[in-house]
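Engineer: Here is how the chains run, residue by residue.
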Amino acid sequence: MPDHTPVIKRTAPVERRVDAIQQALDERGLKATEAVEELRELAEEQWIPQNGARVVARAWVDPAFRERLLANGRAAVAELGLSMPKHHRHLVVLENRPTVQNVICCTQCSCTAFTIIGLPPDWYKDLEYRARVVRESRTVLKEMGLDLAPQVEIRVWDTTADTRYMVLPVQPPETIGWPEEKLAGIVTRDGMIGVAPL
Amino acid sequence: MPDHTPVIKRTAPVERRVDAIQQALDERGLKATEAVEELRELAEEQWIPQNGARVVARAWVDPAFRERLLANGRAAVAELGLSMPKHHRHLVVLENRPTVQNVICCTQCSCTAFTIIGLPPDWYKDLEYRARVVRESRTVLKEMGLDLAPQVEIRVWDTTADTRYMVLPVQPPETIGWPEEKLAGIVTRDGMIGVAPL
Amino acid sequence: MDGMHDLGGRQGFGAIRYTPNARAFHEAWEVRVNSLYAFAVRLGIFNMDEYRHAIERMEPRHYLTASYYERSLTSLATLLVEKGILTREELERRAQGLFPLAAPSAPGRTNSPARERFQPGDRVRVRDDYVPGHVRMPGYIRGKTGVVVSESPDYPFPDARAHAVESQDEPTYDVRFRSDELWPHSADAALVHVGVFQSYLERVA
Amino acid sequence: MDGMHDLGGRQGFGAIRYTPNARAFHEAWEVRVNSLYAFAVRLGIFNMDEYRHAIERMEPRHYLTASYYERSLTSLATLLVEKGILTREELERRAQGLFPLAAPSAPGRTNSPARERFQPGDRVRVRDDYVPGHVRMPGYIRGKTGVVVSESPDYPFPDARAHAVESQDEPTYDVRFRSDELWPHSADAALVHVGVFQSYLERVA
Chain C
14 MPDHTPVIKR TAPVERRVDA IQQALDERGL KATEAVEELR ELAEEQWIPQ NGARVVARAW
74 VDPAFRERLL ANGRAAVAEL GLSMPKHHRH LVVLENRPTV QNVICCTQCS CTAFTIIGLP
134 PDWYKDLEYR ARVVRESRTV LKEMGLDLAP QVEIRVWDTT ADTRYMVLPV QPPETIGWPE
194 EKLAGIVTRD GMIGVAPL
Chain E
14 MPDHTPVIKR TAPVERRVDA IQQALDERGL KATEAVEELR ELAEEQWIPQ NGARVVARAW
74 VDPAFRERLL ANGRAAVAEL GLSMPKHHRH LVVLENRPTV QNVICCTQCS CTAFTIIGLP
134 PDWYKDLEYR ARVVRESRTV LKEMGLDLAP QVEIRVWDTT ADTRYMVLPV QPPETIGWPE
194 EKLAGIVTRD GMIGVAPL
Chain L
1281 MDGMHDLGGR QGFGAIRYTP NARAFHEAWE VRVNSLYAFA VRLGIFNMDE YRHAIERMEP
1341 RHYLTASYYE RSLTSLATLL VEKGILTREE LERRAQGLFP LAAPSAPGRT NSPARERFQP
1401 GDRVRVRDDY VPGHVRMPGY IRGKTGVVVS ESPDYPFPDA RAHAVESQDE PTYDVRFRSD
1461 ELWPHSADAA LVHVGVFQSY LERVA
Chain X
1281 MDGMHDLGGR QGFGAIRYTP NARAFHEAWE VRVNSLYAFA VRLGIFNMDE YRHAIERMEP
1341 RHYLTASYYE RSLTSLATLL VEKGILTREE LERRAQGLFP LAAPSAPGRT NSPARERFQP
1401 GDRVRVRDDY VPGHVRMPGY IRGKTGVVVS ESPDYPFPDA RAHAVESQDE PTYDVRFRSD
1461 ELWPHSADAA LVHVGVFQSY LERVA
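Chains as they are written, first to last, in the numbering used here: chain C, 14 to 211; chain E, 14 to 211; chain L, 1281 to 1485; chain X, 1281 to 1485.
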């Protein structure tokens, strides 16, 4: 008896592949579509760089908070009502100084402290950044527009475990004395990754 | 003044890219098309596994030739009227024994003694063979249909310089006494690469 | 595994496609993929180590050419099939086309029997380990020497947890390497900090 | 360079697509590419080391997804442009589409100043060299120890010749490595012979 199943040869478009999973889970009563909506709200509206910006601004204006933040990042961000996934057991805050530039990456996948600094952009997840930033840090930063003075030491942090990192940028001198909320407005995700000046 | 050059966005099909080079060289008077025809004849009709097969058959029937072949491959194949490119300065002939299986590869590109054993097939040039055969030799050979007894030692030869290799297979016992020409008929390119029994 | 994902220090890549404060998502399906895999983790269908490893197991050409969220999707689908929640046939029927999945996994391993406690300032070497399954040691630190900066809380051991192998939680050490130790005469000067699991480390006398 | 081409020992690749005594060529354009690059070498436009290196310099995704003869074509075109024989614009106009070329080259290097003559039986270590340009040391032998089996005739030194750097010809040594030395506990048992240029080797005391 000949087999009348049509031969499927082409890879399905990625969107249809997502639909396939979502529908299959829904039909099994797992309520994937409900979860997608709830998690979309988290990803697009809750896990945003403004969280980390608040942390940075507080650290700039409150030296005691800054010390607590550097000693135990997870506990300190919780003071501001910010949480991290259970498996991110440790938040290490990396203090930039005029002669020290910290830079975060994840060479093996694309891990970040996403609930605090926001979900990462394409360039962070691209093969180019992952391959190059550990070996050609100064060159890569310069390409990205951050041309560091020769005396600035670069420290690259590869996120290989579930410890998460966040860069605490140097407060621009012209903002000294600004109110905390206004300070938060100048802090960017790229600044907290360590690839852009404020 | 607006630029009216049409925007070219797609990669040209590979065949049109070849045409582009060939035509451009022809127009410069370099006679690429003539050379292509001449070199095609070499690649398709002269550099064929039947060359190596003659060498193997001679080595099987002529112990003195076998010794010369193992001592200086380039000089020995020249006795049969076979030549190698100038940059292949050395031909090392690898003698299989009942307990030794030699296998040739080129992990970094796809080098072979092509004038003697023929130009290599796809699988030899594929990423899979290049990545795996040095590390998973027995597994790879078994996948390819050569299931070696546990006592057989495997020797893998990675063609990293311009020394070229050729495997001298063990003569099948049932062919002892055959005339040289008939023997040459059973020797295959894959046998001279070391991945197939005769 | 010494897979295609292990990119740190690999050469030949071009410029970073950087635009300041670029968006995390571009299309709605990307957000859905991100939510669906997080949902599966929340349901306990798989854990983050299994998720990462299924990405690493993608066919190398597929890995290298897929976007981040297509890699995420491929891992999600692979694990749903491997865990028996769905079948590949169902996925391909619903998607009306091929649905490429990752390759099967090699065996995992448990913690090293020779784990040591380190203190800040200790000199350590990354063991010369070649691990067929999941491992969080980037290839560029293998066999290299660095200095312990600090110890983390205990974490599940990924080499085991990606393979449902029993293991104990163990700390990672923040180890500071000089880029010139990692790639002698072939790197921009920098200190490279890596979170290295205790099982991967040995003391330098 | 630690490029995408350096595949020996990399994991995650699938089955070899083997058919006995498969053909070398499938389409007429493949034969033409093979002839055209050989012709350019014969004319002295470039040498084999430059040719190999231009393949290695291909964008990694392009390298991994191109067929063998498309890689060959890309190297040929890149070198014809770099040598000033053709321009990329002309190629793209003639081909009526984009013509992807390889990325520019990093600097080359000449022979090691500390070359030694070795005898069969000598134990040697492959230097821990990280070379930005062309190099014929596969990454899997870097820092590894083996035994010299024989010495070859002198060859042009590829690390120099791919970059038009002055150098002396030097021999390669057939060095025998145990697969278990190369990938401890993570390889099928075998002896792996590699032709290693003299400049890459140092004596093991």
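Think of the hints as simulated: they come from the structure by calculation, not from any bench. Quick caveat, the model's predicted, so the values are computed rather than measured. Where is the CB? At the ideal position from N, CA and C, for every residue including glycine. Hints are not guaranteed to be accurate.
What the hints assert, rightly or not - Subject to a maximum C-alpha distance of 30 Å in a straight line, what follows is the list of computed DSS-like cross-link-like pairs (lysine-lysine):
no., chain 1, residue 1, chain 2, residue 2
1, E, Lys138, X, Lys1424
2, E, Lys99, X, Lys1363
3, E, Lys22, C, Lys155
4, X, Lys1363, E, Lys22
5, E, Lys44, C, Lys22
6, E, Lys155, E, Lys138
7, X, Lys1424, E, Lys155
8, C, Lys99, L, Lys1363
9, X, Lys1363, E, Lys44
10, X, Lys1363, E, Lys155
11, E, Lys99, E, Lys44
12, L, Lys1424, X, Lys1363
13, L, Lys1424, C, Lys44
14, E, Lys138, C, Lys22
15, L, Lys1424, C, Lys195
16, C, Lys22, L, Lys1363
17, L, Lys1424, C, Lys155
18, C, Lys22, E, Lys99
19, C, Lys138, E, Lys22
20, L, Lys1363, C, Lys138
Claimed, not checked - Counterexamples of contact, computed for chain L against chain X with all Cβ distances above 12 Å:
no., residue
21, Ala1295
22, Glu1339
23, Glu1372
Engineer: So, against the hints stated earlier in the document, which numbers end up violated here?
Structural biologist: 5, 10, 12, 13, 15, 18, 21, 22
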